[in-house]
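Undergrad: Sequences and hints are given; from them, build the entire structure.
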Amino acid sequence: MTPALKANANFRWLMSGGVLSLLGDQFTMVALPWLVLKLSGDPLSLGLVLALMGIPRAVFILIGGALVDRYSPKQVLMLTKQASALLLFVLAALTLAGHASLPALYALAFGLGLSQAFSIPSGTSMMPRAIPAELLQAANGAMMGLRQVTFLAGPLLAALLLAFAGDQRALGLAFAFDCFSFIVSAWTLSRVQPLPVASPSASPATAPAASAAAAAQAGAVRAVLRSVGDGLLMVWRDVELRTCFAYWGLVSVLVGGVMQVALPVLAKDRLHDAAALGILMAAHGGGTLLGMVASSAGGKLRLPRFGTLLLTVDAIAGVILFPLGAITATWQGAALLLLLGALTGFVQVGVFTWIQRRVPPQAIGRTMSIFMFILFGLAPLSSAVTGWLLNQVTLQQLFAGGGAILLACVAAAWTLTSMRRIEAAR
Numbered sequence: 348m349t350p351a352l353k354a355n356a357n358f359r360w361l362m363s364g365g366v367l368s369l370l371g372d373q374f375t376m377v378a379l380p381w382l383v384l385k386l387s388g389d390p391l392s393l394g395l396v397l398a399l400m401g402i403p404r405a406v407f408i409l410i411g412g413a414l415v416d417r418y419s420p421k422q423v424l425m426l427t428k429q430a431s432a433l434l435l436f437v438l439a440a441l442t443l444a445g446h447a448s449l450p451a452l453y454a455l456a457f458g459l460g461l462s463q464a465f466s467i468p469s470g471t472s473m474m475p476r477a478i479p480a481e482l483l484q485a486a487n488g489a490m491m492g493l494r495q496v497t498f499l500a501g502p503l504l505a506a507l508l509l510a511f512a513g514d515q516r517a518l519g520l521a522f523a524f525d526c527f528s529f530i531v532s533a534w535t536l537s538r539v540q541p542l543p544v545a546s547p548s549a550s551p552a553t554a555p556a557a558s559a560a561a562a563a564q565a566g567a568v569r570a571v572l573r574s575v576g577d578g579l580l581m582v583w584r585d586v587e588l589r590t591c592f593a594y595w596g597l598v599s600v601l602v603g604g605v606m607q608v609a610l611p612v613l614a615k616d617r618l619h620d621a622a623a624l625g626i627l628m629a630a631h632g633g634g635t636l637l638g639m640v641a642s643s644a645g646g647k648l649r650l651p652r653f654g655t656l657l658l659t660v661d662a663i664a665g666v667i668l669f670p671l672g673a674i675t676a677t678w679q680g681a682a683l684l685l686l687l688g689a690l691t692g693f694v695q696v697g698v699f700t701w702i703q704r705r706v707p708p709q710a711i712g713r714t715m716s717i718f719m720f721i722l723f724g725l726a727p728l729s730s731a732v733t734g735w736l737l738n739q740v741t742l743q744q745l746f747a748g749g750g751a752i753l754l755a756c757v758a759a760a761w762t763l764t765s766m767r768r769i770e771a772a773r
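Numbering-wise (our numbering), the sequence shown opens with residue 348 and increments by one.
Don't read these hints as lab results, they were simulated from the structure.
Being a predicted model, the structure only gives us computed values, none of them experimental.
Some clues are possibly wrong.
Below, in silico cross-link-like pairs of lysine to any residue (SDA-like), each with a Cα-Cα straight-line distance of 25 angstroms or less [stated by the list, open to error]: (1) Lys385 <-> Ala451; (2) Lys615 <-> Ala747; (3) Lys615 <-> Asn738; (4) Lys385 <-> Pro450; (5) Lys421 <-> Ile410; (6) Lys353 <-> Gln695; (7) Lys353 <-> Val539; (8) Lys385 <-> Thr741; (9) Lys385 <-> Phe436; (10) Lys421 <-> Gly492; (11) Lys421 <-> Ala354; (12) Lys615 <-> Leu504; (13) Lys353 <-> Phe699; (14) Lys385 <-> Leu441; (15) Lys421 <-> Asp372; (16) Lys615 <-> Gly388; (17) Lys385 <-> Leu736; (18) Lys421 <-> Trp534; (19) Lys353 <-> Leu637; (20) Lys421 <-> Trp360; (21) Lys421 <-> Ser363; (22) Lys421 <-> Pro541; (23) Lys353 <-> Leu367; (24) Lys421 <-> Thr535; (25) Lys385 <-> Leu449; (26) Lys421 <-> Asp577; (27) Lys353 <-> Arg476; (28) Lys353 <-> Ala533; (29) Lys421 <-> Val698; (30) Lys385 <-> Trp735.
TA: Take a look at the structure:
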């Protein structure tokens with residue numbers, strides 16, 4: 348982290364609040380799947396919860412990106428933090444009181460997914476709106492590194508909580524901590540002062556007549572939808588951006604649900620331990636952190652082309668998935684996920700920076716919302732199918748099938764597209 352970045356007040360506020368919020372998210376990522384499996388014992392129920400969280404996120408995330416570009420990312424992000432804190436408060440209270448039920452979890456998961464549809468594009472748009480362009484690469488690297496620290500520390504702390512506080516009480520406390528993290532991060536966000544931008548912003552309607560206000564609202568809705576279309580058109584016209592987004596979307600739909608549903612089921616049915624899920628997730632987070640640290644040497648090494656590197660990493664990841672379903676001990680899964688995370692982390696910073704440098708600042712919200720739609724919106728849509736599949740096939744068959752599909756996607760992208768020839772961002 349450079350001295351100039353350390354001295355930037357906006358970065359300090361974004362970093363402190365963002366890290367705490369991400370740490371709280373990891374508690375929920377461990378506690379929510381375990382609570383669903385504890386209540387139902389059915390992988391399909393877990394798949395439905397993840398799908399209900401993913402559907403509103405997938406449907407509204409593009410609109411969220413357009414709103415971020417048209418209005419203020421800070422205001423949109425603040426509202427999402429407040430909404431998430433309220434939903435998690437309800438979830439914590441129900442769990443601690445012993446009144447949590449599957450219908451309640453379905454409703455709360457839908458609400459959290461809707462909030463994330465707006466928080467994801469606004470959160471990713473805050474960095475280029477609050478940090479000078481010359482510090483953006485360093486800020487991305489620092490924030491992603493700290494993010495991975497939370498991916499390591501959060502699941503480990505959640506595992507300790509589950510090991511020593513008892514299942515039901517520990518799950519409620521995990522949700523309560525996530526609620527607290529949103530409240531604090533909302534306060535730190537209020538201290539951030541966005542940089543001035545040249546793009547036009549919307550002005551609130553000031554006409555006293557109700558008809559004028561309604562007309563203004565209708566015009567705003569049309570402008571937002573038009574903005575979404577413009578963002579999609581911009582990505583479509585950029586051949587390299589379109590190629591990468593299409594590939595990531597295919598992988599997310601076909602493989603993303605496997606990891607989200609099968610990993611908690613693996614911890615419950617094969618390892619028989621709630622803390623094991625936290626350890627497995629922590630191993631993946633720790634590996635990602637190591638990969639990001641290793642990527643800092645990229646400027647000194649003769650790395651292959653950006654597209655070639657992405658496809659090579661995914662091919663190795665596909666091979667790693669094959670033995671994951673056959674593990675019999677936590678350390679075996681942790682070792683495989685550590686390696687898988689290291690591969691992901693090695694390319695992650697470069698992917699985000701490549702996108703941010705490729706599009707103009709006034710379109711970054713829409714572009715990042717499309718990217719986040721692919722990463723976080725599409726995968727849960729296949730979660731329900733994955734949950735159903737786990738009632739038909741074994742864990743070993745599911746992980747092996749996911750690895751085979753990923754290898755097939757890599758082969759198709761390598762032979763049928765120009766993705767392997769894509770260079771790094773200039």
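Undergrad: Holds or violated: are the alpha carbons of Lys421 and Val698 at most 25 angstroms from each other?
TA: holds (24 angstroms)
Undergrad: For a C-alpha distance cap of 25 angstroms, please report whether Lys353 and Leu637 respect it.
TA: Holds. Lys353 to Leu637 sits at ~22 angstroms (cutoff 25 angstroms).
Undergrad: Given the hinted pair Lys385 and Ala451, is their alpha-carbon gap at most 25 angstroms?
TA: Cα-Cα ~14 angstroms, so holds.
Undergrad: Check whether the Cα positions of Lys421 and Thr535 lie no farther apart than 25 angstroms.
TA: holds (11 angstroms)
Undergrad: Has the given pair, Lys615 with Leu504, been kept, meaning a C-alpha gap of at most 25 angstroms?
TA: holds (18 angstroms)
Undergrad: Measure nothing beyond the straight line between the CA atoms of Lys385 and Trp735; if it is 25 angstroms or shorter, mark the hint as holding.
TA: holds (17 angstroms)
Undergrad: Does the alpha-carbon distance linking Lys421 and Trp360 stay inside the 25 angstroms limit?
TA: Holds: Lys421 and Trp360 sit about 12 angstroms apart, inside 25 angstroms.
Undergrad: Does the alpha-carbon distance linking Lys385 and Leu441 stay inside the 25 angstroms limit?
TA: Holds, at about 15 angstroms.
Undergrad: Does the alpha-carbon distance linking Lys353 and Ala533 stay inside the 25 angstroms limit?
TA: Distance of about 21 angstroms is within 25 angstroms: holds.
Undergrad: Decide if the proposed pair is consistent with the structure: Lys385 and Phe436, CA atoms, cutoff 25 angstroms inclusive.
TA: With a Cα-Cα distance of about 20 angstroms, the restraint between Lys385 and Phe436 holds, given a limit of 25 angstroms.
Undergrad: Given the proposed pairing of Lys421 with Pro541, does the C-alpha separation stay at or below 25 angstroms?
TA: holds (8 angstroms)
Undergrad: Within 25 angstroms, alpha carbon to alpha carbon, are Lys615 and Asn738?
TA: Distance of about 15 angstroms is within 25 angstroms: holds.
Of the numbered hints listed earlier, not one is contradicted by the structure.
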